[in-house]
Amino acid sequence: MPSLKEIKQRINSVTSTRQVTSAMKMVSAAKLQKTQQWILNARPYSDELDKILLSLASRTLRDEHPLLKKIDEEDVKSVAIIVVTADKGLCGAFNMNIIRKAEEVIRKNKGKKIELICVGKKGKKYFEKKGHTIREEYINFFNKLEFEHSRDIMNIVTTSFLKGKYDKTIIIFNEFKSAIQQNIVEKQLLPLSEFEESDEKFLASYLFEPEESKLLDELIKKHLDVQIWRVLLESSSAEQGARMIAMDAATDSAGEMIADLTLEYNHKRQDNITKEIIEVSSAAEAL
Amino acid sequence: MSNNKSPKKLLLKITTPKGIFLEKKVDEVVIPGSAGYFGVMYGHTAFLTSITSGSLEIYSGEKKDTYIIHNGFSEVNFDEVRILTETIEKPEDIDKKRAIQAKERAKKRLKEKKSEINFRRAEFALKRAIARLEVAHE
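Protein chains in written order, with the numbering used here: chain A, 15 to 301; chain B, 1247 to 1384.
Read the hints as simulated data drawn from the structure, not as lab findings. We put the beta carbon where it would ideally sit given N, CA and C, even for glycine. Among the hints, erroneous ones may be present.
[To be verified] A short, non-exhaustive set of chain A residues, derived as facing chain B with CB atoms under 10 Å:
| id | residue |
| --- | --- |
| 1 | 51 |
| 2 | 62 |
| 3 | 68 |
| 4 | 70 |
| 5 | 161 |
| 6 | 162 |
| 7 | 220 |
| 8 | 223 |
| 9 | 224 |
| 10 | 239 |
| 11 | 240 |
| 12 | 243 |
| 13 | 275 |
| 14 | 289 |
[What the hints assert, rightly or not] Rough simulated footprint, nothing fancy, chain B against chain A, three-plus residues with beta-carbon under 8 Å:
| id | region |
| --- | --- |
| 15 | 53-60 |
| 16 | 117-123 |
Here chain A stands alone, though its shape is the one from the complex (with noise of 0.2 Å):
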């Protein structure tokens, strides 16, 4: 049985430890109202480029461009996978999840070349522990997020795609749902394929400078540094909701447990009181 001391002294520790995990709780929420408001602020900007390129991009044969350029399944020799996960823990399953689905995606694509790109440090030591091959890895941004970070990422893939460094570029990210809830999503950057052609012609009495091959370039490029933005930012908003929700029942937990403790202290506190009355009485009995 401990004594009276030690459960206080655990009361006192948890007590602490609700404080901390209270205050996580709210920072998160704070950090993952900001991180909701970039998203909303990123709406307009991605819209706008979507239907100039949409448009510009119907203008042009589709295996003309080698972004663009559909392939086939076997044809693929060498995958780039990005693994965003969270630079800290103390987030529920948050990197666990993306964890296993890259490890899923990795086992599906067995027997080709493949080459990880870590954003985030919890992916990275974890696949480096494994022994995988990491070609980049961008860590600890996550508090000071800025548009320049996902720039350098789309860099870095659609310069080695152009080389014929990788056949298909895949992303695998945390995509917020809501406060509680989170998806994976894993999504092909390159060649870049989830737009259809379309009929609109809206462009269709434009005049263009550079001429139209180097701006469909361009404005691919922009395309999909908007893409990784977005998903930085979706996973950020992720981890801060699901960090959220851990702490929260941390908290919960810790309240829990010094109901528990107390209990335990006033029963202890009790007994010895009675055990000390029995004593002073039987005493006073014996003389």
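Using the hints, position chain B against chain A.
The following block gives chain B in isolation, referenced to the frame of chain A:
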């Protein structure tokens, strides 16, 4: 343009990944296009171009506003101009010292000629620094 007392206005909309930067009616915009500066007034031909680092001048009435813009696209369409850019700054926000440092750094990196990516990055940084200094000097 005609000598009409109240010339028709042009709707200017500047969008960045961080939100809509500016949206207002103006008389004229001068944009640093990839093939040189060009001015846009009401009734311009439909035109799509990329933008390089430079100063963006906006005239409305007697007022002239200058911003620094780095890379992007502009879509001109008779009565409106849409500009998509990642970075746009006001001249008063520019830190001249930092821009000079960045310029020197970029120049040094360009001489090193390491990898292609670093080269392009340095080139971009140099352009950006020069554009910043140009406006900051005024």
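TODO: List in ascending order the numbers of the hints, as given earlier, that are violated by the structure.
DONE: Failing hints, ascending: 3, 13, 14 and 16.
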